Amino acid sequence: MSENMNLKLKIWRQKNAGDKGRFVEYDMENVSPDESFLEMMDELNEKLTHDNLEPVEFDSDCREGICGTCGLVVNGEAHGPLRATTMCQVHMREFKGMTKLTVEPWRTKAFPVLKDLVVDRGALDKIQQAGGYISINTGNAPDAHAIQVPKEASDLAMDAAACIGCGACVAACPNASASLFTAAKISQFALLPQGGPERKRRAAQMVTQMDIEGFGDCSNLGECEAACPKEISISNIARMKREFVGAMLG
Amino acid sequence: MMPFLKAATSSVGKKFFMALTGLFWIMFLFIHLLGNLSLYSGHKDSFNAYSDFLTHGTHGVVYVLEFIMVAGLLIHVISAVAVFISAQKARPIQYAMSKNLGGPSRKTISASTMIYTGSLMFIFIIVHLIHFKFGDYYSTVLDGRVIRDMYATVLIGFQSPFYTWFYVIIMALIGFHLRHGFWSAFQSLGLNHPRYNGLIAFVGVLIAITLSLGFLMLPLVLHLTGGPA
Ligand code: FES
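As they're listed, the protein sequences go chains V and H.
First residue of the first sequence: -2, per the working numbering; consecutive thereafter.
First residue of the second sequence: 113, per the working numbering; consecutive thereafter.
Honestly, the hints are just simulated from the structure, not real lab data.
Hints are supplied without guarantee of correctness; some may be wrong.
[To be verified] Within a straight-line C-alpha distance of at most 30 Å, the following computed BS3-like cross-link-like pairs (lysine-lysine) qualify: (1) K7/V / K245/H; (2) K112/V / K201/H; (3) K211/H / K112/V.
[What the hints assert, rightly or not] Rough simulated footprint, nothing fancy, chain V against chain H, three-plus residues with beta-carbon under 8 Å: (4) 223 to 235; (5) 293 to 302.
Predicted model, so just to flag it, every value in this text is computed and none were measured.
Backbone N, C-alpha and C define an ideal beta-carbon position, used for all residues, glycine too.
Isolated chain H (complex conformation) (with noise of 0.2 Å):
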């Protein structure tokens, strides 16, 4: 047995972390789309009343929940930025041509710019909490009681074409990484099976493109419609 530590902080470790940090998020990114399809539903209310139970209704378990998921994303980023650090130092002189190999090989576009997509949406994640959970406070009542009108802060905010875009751009991109990142997370943790690897392989883009999509649409439909009358 090594040292826990030196094992979490090694090539593989690192690897193995931001696999289950990474699988993780896609669980909450699903969560979080099943959230959205209220919006969809053009009635103020219920978007309301859940996002009021997320903020006051969990007693204390979305604080749990909210510790792990940022825990999870900083485990998961500075494990990324490690594994580019350690490719970059182990290649200083780099080759004057360069093929990609084919057969084989699995190195995409999606996967040879993880690091980028994923740096674009670390850093839309922070705008994302300021534009809205930390963002401009509406009131309305609900049952008699004062809740926040998140519906308006979302309905406002994408009436901008600049925050409208920057999503949609981000959301695409979110479909890239996830094309590379749900296969190699299985990879990463030694999940490699002859019978199975199509299915994970598939199963990834199924994932990237459902919630691509899935997060792309709302933005630009509220954006264009203005919102469900």
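Just chain V, same shape as in the assembly (with noise of 0.2 Å):
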């Protein structure tokens, strides 16, 4: 049986985009190792409620690790301390021992903070409309093996696609860079014949439009990678520059 803890939580709150924003203590007695992390701030804010306090705001949905709706970052580390694993899917068992958390929002310009914990990540979206996408005639599902696509590079376009869109990427980079997503995007269409028409224009877009949502550039250091609960690799980043230097040089 492992016993309850108790923790103090050092909190950012942000009542609008507009506000400064600081960070609030609350003290959290009697929390089982056993719930989930997002289960516990469901219980601060039944008691800031019965207290008739303001909630916290943050943002989850599925909290089956699939919608990438939630994401905080917690003691420096994005999504918590567990790899691999997206914020809801973390259980408070992970901070054994621990008696402070300090719980921010995704820090990046490009995803101002609307309230509290949570952060418009609309930026993102922007990335993906310039060019995430194939222009296909609809009509009739075509014969499915109408197209070949190999092995090697189906699985590699699956792992591409894993992506969340979370933007644990972006949170966990000392630059904030966007490249780990936008390299994701770029390479899950990059890797099948179907992305093969509009390769070069997709890679352009896409690459400008993330620059300008201001997301800082990309130096290599691969934190992205390690935070992301999906594991993708940064041999996607390559492979943008790749798809992208070809838009470059004709």
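Take the two lone chains and join them into the complex the hints point to.
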């Protein structure tokens, strides 16, 4: 039987996008190590509501690691201390032995804080809209084997397509670069024949949009890969560079 | 196809040219190191002959090379500063707590200090040129011709403890810069392959150690021994 935990939470509170924001400390007692981090946050909010205080705003949806809605920086780690895991899948036992947790939102100019721990990740959508699609005529489903795809290529494309767009790569990057996200979205098409016809335009437009959104440049530090809940490799960033250089040189 | 200038100044373009110019300078450093080896020989003539060949014996080719080097350096430095500024702008509010994530991350001390080691190296290059190329001029006679006694300039230069230690420290920092720089250049050029990644990183460490120690030993030896007898 694990013992329940007593914690001091230092949480970023910010009324709205215009507010300067500050840290506020809360005590949480008797936290079960078997509840999830977000459940602990729910409990805190129940307490706050009960005390007639404003609950802490944070994002979550599926709570099973597939939608990419959740995302917090806890003690300096995007999605918390457990690798290859979204925040919603982290249980309190991962914080065993700790007494103080600092909880912050994703920090980058491109993701303005809307309230408390909730940020606007619309910048990622804009990158996707700039070229993360293929143009095909809709109609009858094509024959399953009309276009053949090598197994290796389809595996790599699936690995890239595992990106859930949570933004942890940006949050963890010391430069606040969105390169891993953009690279994953470019790669999932670049690896497949269906992505071929538009590949140059796609790479050029998505990278350009990434720059416009105000993310930092990539310094090949690799913190993004370490933070990614889907373990997307920076080899995708190298692929993005090849795609882009292809577009640059002709 | 994108307009070339727009592509070249984009986030990916900047790093692409930073990588090319960085690798070019690594090549130059190896040639420079080979040239320096003639200093160890203790024969001032061989070093002076080499230095005279570079300045007078190449029929102007050296000017072309110098131009490429200066241009390459400026592209490298300007891109680096732009990347650094982009990072500052992209995160105006820092985290209260941050941690290196480890695992597949390559965020080492050498990786996160590139802008600082780079800045010091840039200052060094200027000092180095003033100190030697445009430094004190001594003459000597070789094969009946009066040429510059570069050997004397070097030997006298490294009698100063200040210069010696300045050189030694910067040469150590070069090792740090190249440890991340070499691997990073390949990644920036899009050259990443699971079969070769380990090799590239290994060669990067090897190059960093070779160049760092190679350049570092010389001022130290000259300072401590006063030059080969
Ligand atoms: S809430 Fe859906 S991934 Fe965490």
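We went through each hint and held it up to the structure:
1. K7/V / K245/H: 58 Å, violated
2. K112/V / K201/H: Roughly 21 Å between the alpha carbons, so the hint for K112/V and K201/H holds.
3. K211/H / K112/V: Cα-Cα ~24 Å, so holds.
4. 223 to 235: holds (count 3)
5. 293 to 302: Contact hint for the stretch 293 to 302 of chain H vs chain V: holds, 6 residues under 8 Å.
Taken one by one, the earlier hints fail for this structure only at number 1.
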